[in-house]
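Number of protein chains: 2
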Amino acid sequence: MAVALRQSCAVASVPTSRRVAVVVRASAGQINPSIRKSEEKVADIIKVANVPKPKAVFCRCWRADASKFPYCDGSHVKHNKETGDNVGPLVIDSTP
Amino acid sequence: MAVALRQSCAVASVPTSRRVAVVVRASAGQINPSIRKSEEKVADIIKVANVPKPKAVFCRCWRADASKFPYCDGSHVKHNKETGDNVGPLVIDSTP
Ligand code: FES
Ligand code: FES
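Here the protein sequences come in this chain order: P and E. Each residue of the first sequence is one higher than the last, beginning at 990 in this note's numbering. Each residue of the second sequence is one higher than the last, beginning at 990 in this note's numbering.
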């Protein structure tokens, strides 16, 4: 998600030798860092009959392991802890 | 999503008068900018009987209008266009 952005200080009056570069990790604003990036849009269509029972937990944080997505593997916990975010899964509950 | 981060250049050898502040809009890495931020974790549990038919389209971009979330309102299109991202919804298909 994040790209390294080399941001130079705009200090024209300071000699070149004194210029510094501030390296900032700046997000390009993408929320999917790595899942199926070769696809133009990652949409998943699941027949209701194929939805795991009794509860299907679907990832909305785009941090689940690629082998688990579109299902949640708990990775949102680490993401939330690291960033202060509050994202979580969608649960489809097939119990009566 | 983004927070204004005041990043000073670390140029101890440059007189104070020449120091500059670089103001960077740096993402804190959060992927949910505004939805139900008072909740510690936004999880949605939907009974399968209440899943809209014939197709329920669920938001995974956290950009849907708050009045529509957890359903997709197409806002992922703008997000993808602006950032080069490739996120899209989860569709639960109740057709036979
Ligand atoms: S791993 Fe993504 S929502 Fe749980
Ligand atoms: S509006 Fe969020 S996935 Fe469509």
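It is worth saying that the hints were derived from the structure and are not from the lab. Errors might be hidden in some of the hints.
Note that the list lumps identical chains together, so a pair holds whenever it fits in one copy or between two copies.
[What the hints assert, rightly or not] Distance condition first, Cα-Cα at most 25 Å in a straight line; then the derived SDA-like pairs of lysine to any residue:
#1 LYS1070 with ALA1055
#2 LYS1044 with GLU1071
#3 LYS1030 with GLY1063
#4 LYS1026 with SER1083
#5 LYS1044 with GLY1018
#6 LYS1070 with PRO1041
#7 LYS1042 with ASP1054
#8 LYS1036 with LYS1057
#9 LYS1042 with PRO1022
#10 LYS1057 with SER1027
#11 LYS1044 with GLU1028
#12 LYS1042 with LYS1070
Cross-check of the supplied hints:
no.: 1; hint: LYS1070 with ALA1055; in the structure: both (20 Å within a copy, 23 Å between copies)
no.: 2; hint: LYS1044 with GLU1071; in the structure: neither (27 Å within a copy, 35 Å between copies)
no.: 3; hint: LYS1030 with GLY1063; in the structure: both (23 Å within a copy, 12 Å between copies)
no.: 4; hint: LYS1026 with SER1083; in the structure: neither (31 Å within a copy, 28 Å between copies)
no.: 5; hint: LYS1044 with GLY1018; in the structure: neither (32 Å within a copy, 29 Å between copies)
no.: 6; hint: LYS1070 with PRO1041; in the structure: neither (28 Å within a copy, 33 Å between copies)
no.: 7; hint: LYS1042 with ASP1054; in the structure: within (21 Å within a copy, 29 Å between copies)
no.: 8; hint: LYS1036 with LYS1057; in the structure: both (17 Å within a copy, 22 Å between copies)
no.: 9; hint: LYS1042 with PRO1022; in the structure: neither (29 Å within a copy, 31 Å between copies)
no.: 10; hint: LYS1057 with SER1027; in the structure: within (17 Å within a copy, 29 Å between copies)
no.: 11; hint: LYS1044 with GLU1028; in the structure: between (28 Å within a copy, 22 Å between copies)
no.: 12; hint: LYS1042 with LYS1070; in the structure: neither (29 Å within a copy, 36 Å between copies)
Going through the hint list in order, the structure does not satisfy hints 2, 4, 5, 6, 9, 12.
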